[in-house]
Amino acid sequence: MLKVLKSGFYTTVQDAGRFGLRHKGVPISGAMDMTAMNRVNSLLENEPEAAVLEITMTGPTLTFEENTYICIGGAEMSATLNNEPIENYTLYTITEGDIISFGKLEQGFRAYLAIKGGFLTDKVLGSRSQYYPLTSKKRLKDHDEIPFEAASNFEIKISELRVDSHFDEQTLIVERGPEYDMLTDSQLTSIFSKDFSISKENNRMAYQIAEYIDGHSTNMLTSATLPGTVQLTPAGKLIILMKDGQTTGGYPRILKLTEEAICILAQKKFGDMVNFKLI
Amino acid sequence: MKSFPITIKPFGKSALLIEWPNKVDESILYDILRFQKHLSLELDASWEFIPVYNSLTLVSQNETLVFNTWRQKLLDLYASSNEHKPADRYLWKLPVCYDLEFAPDLEEVAHKLNLSVEGLVKEHCTHEYIVYGIGFLPGFMYLGGLPKSLETQRKKEPRMKVAKGSVGLAGKQTGIYPQESPGGWNLIGNCPIPMFNVKAEDPCFVSIGDKIKFEAIPRAEYELHKIEGEVGIYKPEKVKLDA
Numbered sequence: 001m002l003k004v005l006k007s008g009f010y011t012t013v014q015d016a017g018r019f020g021l022r023h024k025g026v027p028i029s030g031a032m033d034m035t036a037m038n039r040v041n042s043l044l045e046n047e048p049e050a051a052v053l054e055i056t057m058t059g060p061t062l063t064f065e066e067n068t069y070i071c072i073g074g075a076e077m078s079a080t081l082n083n084e085p086i087e088n089y090t091l092y093t094i095t096e097g098d099i100i101s102f103g104k105l106e107q108g109f110r111a112y113l114a115i116k117g118g119f120l121t122d123k124v125l126g127s128r129s130q131y132y133p134l135t136s137k138k139r140l141k142d143h144d145e146i147p148f149e150a151a152s153n154f155e156i157k158i159s160e161l162r163v164d165s166h167f168d169e170q171t172l173i174v175e176r177g178p179e180y181d182m183l184t185d186s187q188l189t190s191i192f193s194k195d196f197s198i199s200k201e202n203n204r205m206a207y208q209i210a211e212y213i214d215g216h217s218t219n220m221l222t223s224a225t226l227p228g229t230v231q232l233t234p235a236g237k238l239i240i241l242m243k244d245g246q247t248t249g250g251y252p253r254i255l256k257l258t259e260e261a262i263c264i265l266a267q268k269k270f271g272d273m274v275n276f277k278l279i
Numbered sequence: 001m002k003s004f005p006i007t008i009k010p011f012g013k014s015a016l017l018i019e020w021p022n023k024v025d026e027s028i029l030y031d032i033l034r035f036q037k038h039l040s041l042e043l044d045a046s047w048e049f050i051p052v053y054n055s056l057t058l059v060s061q062n063e064t065l066v067f068n069t070w071r072q073k074l075l076d077l078y079a080s081s082n083e084h085k086p087a088d089r090y091l092w093k094l095p096v097c098y099d100l101e102f103a104p105d106l107e108e109v110a111h112k113l114n115l116s117v118e119g120l121v122k123e124h125c126t127h128e129y130i131v132y133g134i135g136f137l138p139g140f141m142y143l144g145g146l147p148k149s150l151e152t153q154r155k156k157e158p159r160m161k162v163a164k165g166s167v168g169l170a171g172k173q174t175g176i177y178p179q180e181s182p183g184g185w186n187l188i189g190n191c192p193i194p195m196f197n198v199k200a201e202d203p204c205f206v207s208i209g210d211k212i213k214f215e216a217i218p219r220a221e222y223e224l225h226k227i228e229g230e231v232g233i234y235k236p237e238k239v240k241l242d243a
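Protein chains in written order, with the numbering used here: chain U, 1 to 279; chain F, 1 to 243.
Since the hints were derived computationally from the structure, they do not count as laboratory data. One thing to keep in mind: the hints can contain errors.
To be verified - Restraint ranges, calculated between C-beta atoms of paired labels, are given here:
| id | chain 1 | residue 1 | chain 2 | residue 2 | range |
| --- | --- | --- | --- | --- | --- |
| 1 | F | Thr64 | U | Thr218 | 28 to 38 Å |
| 2 | U | Ser193 | F | Lys161 | 48 to 58 Å |
| 3 | F | Lys238 | U | Glu96 | 52 to 62 Å |
Claimed, not checked - In silico negatives: residues of chain F with every beta carbon more than 10 Å from chain U:
| id | residue |
| --- | --- |
| 4 | Phe4 |
| 5 | Pro5 |
| 6 | Leu17 |
| 7 | Glu48 |
| 8 | Thr57 |
| 9 | Val59 |
| 10 | Ser81 |
| 11 | His84 |
| 12 | Glu118 |
| 13 | His225 |
Computed from a predicted model, the values in this text were never measured in an experiment. Ideal Cβ placement from N, Cα and C applies to all residues, glycine included.
Please build the complete structure, drawing on both the sequences and the hints.
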């Protein structure tokens with residue numbers, strides 16, 4: 001078991017996501033920054049869908065009750081192992097009783113902790129991703145215990161990875177959304193020439209943009225939405241749906257972020273700047 | 001079999017959006033479900049289909065789609081899909097308790113609509129509502145077919161907390177909140193049957209294209225169905241449509 005000593009701000013178990021139930025209103029969930037999750041899992045030679053912890057803004061303090069191997073990645077949060085600083089995308093051998101702790105947020109917004117073999121919480125409808133009320137809990141709480149299988153004879157082939165971080169990247173590459181053609185010249189000019197900032201309203205469901213552009217009075221019937229869909233409200237607010245985002249919506253879908261752009265946005269927080277660039 | 005002019009749009013690298021004429025219309029929904037059935041037999045199992053109102057979104061889990069190739073392929077498949085019937089559809093009878101305890105807005109809404117409380121409940125239970133989509137929250141149904149006599153403005157200030165199972169009226173819509181959530185609809189009752197239950201064999205028994213009819217039940221029956229619903233043994237009454 002991994003025992004939660006202090007839960008931090010918002011930590012959830014996430015895997016590659018819950019597919020096949022969008023037509024019943026179930027969002028796909030899964031890691032917000034899939035690039036980071038894939039990297040930490042691949043260093044541990046885990047399956048790509050192995051469950052990890054997604055750690056948002058302020059990290060938890062956790063203790064391992066069995067031997068294993070871990071790797072952290074994504075946001076840099078001054079992580080320590082038994083009070084010694086540890087690095088992103090580097091494998092560490094864990095001995096029973098070791099304590100990992102996350103400190104000051106240095107860069108990015110979401111960190112990932114992967115463990116050899118993945119975390120083994122119960123699957124709900126094919127996935128371990130926490131999404132309340134499908135899963136009984138929203139996020140980790142103090143004293144929670146997260147199961148994993150002990151590992152001690154892993155032959156490490158690659159012990160660390162040097163990666164280019166995308167924390168400084170402000171450009172979100174987008175494609176045209178289904179309602180792109182309704183945009184006026186003035187709206188298009190605003191979208192593609194201005195810099196925008198992330199509003200306080202940002203979470204696993206959606207990121208809202210603080211600045212408004214011109215509004216509209218287009219009425220459409222509710223239709224499917226996907227993670228990365230950029231909606232434009234009648235008042236001119238831009239809302240970017242993320243991994244826990246609703247599966248249908250009634251606002252025009254003017255743009256769609258690429259998978260890579262979703263990962264970049266997942267590392268942004270309140271006040272960070274972004275801009276849009278059409279493929 | 002009637003066919004409609006359809007348009008196909010790209011929706012990112014791995015999804016396609018097919019749109020029918022911009023109308024809330026049962027014959028359009030039927031045609032969408034008929035085409036979905038055809039596609040589910042023609043395409044491999046990794047595709048997801050999300051039908052809502054006048055659109056069908058196709059999501060591929062493992063492919064980067066070349067739009068023009070897929071556009072033509074889908075148009076050809078649509079042209080040749082005439083003989084397929086959609087999956088079986090059902091009319092579900094869902095129990096609703098309209099006791100004031102569950103219905104903080106019932107009296108006010110009845111007054112606004114010039115109906116008695118009994119008259120409003122009777123009207124709400126008389127009509128059949130078509131499920132045009134399931135989305136927004138797991139198990140939340142977009143229902144069509146509300147009579148003009150029950151159309152009402154949504155609340156000016158949404159409630160921070162609406163109880164799970166609450167039955168609401170707003171504009172041309174009626175429906176059930178599948179889980180506790182914020183909401184701006186007028187609350188007129190509560191359905192004890194969970195619309196989404198991970199413990200049940202089929203977590204969401206209703207499908208798009210089905211119909212819903214509400215049935216007023218007294219408080220004692222509500223409590224019984226609530227317990228049955230939570231342990232997953234309550235099976236709402238259903239009747240096969242198009243039989």
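How the hints compare with the structure:
1. F:Thr64 with U:Thr218: 28 to 38 Å: 30 Å, holds
2. U:Ser193 with F:Lys161: 48 to 58 Å: Because 42 Å falls outside the window, the suggested range is violated.
3. F:Lys238 with U:Glu96: 52 to 62 Å: 54 Å, holds
4. Phe4: 14 Å, holds
5. Pro5: 16 Å, holds
6. Leu17: Answer for Leu17 (chain F): violated, closest chain U Cβ roughly 5 Å.
7. Glu48: Per Cβ check, Glu48 (chain F) is inside 10 Å of chain U; nearest 6 Å; violated.
8. Thr57: Non-interface label on Thr57 (chain F) violated, nearest chain U Cβ at 4 Å vs cutoff 10 Å.
9. Val59: Answer for Val59 (chain F): violated, closest chain U Cβ roughly 7 Å.
10. Ser81: 19 Å, holds
11. His84: 18 Å, holds
12. Glu118: 32 Å, holds
13. His225: His225 (chain F) is indeed farther than 10 Å from all Cβ atoms of chain U, at 19 Å.
Violated hints, in rising order: 2, 6, 7, 8, 9; the structure is consistent with all others.
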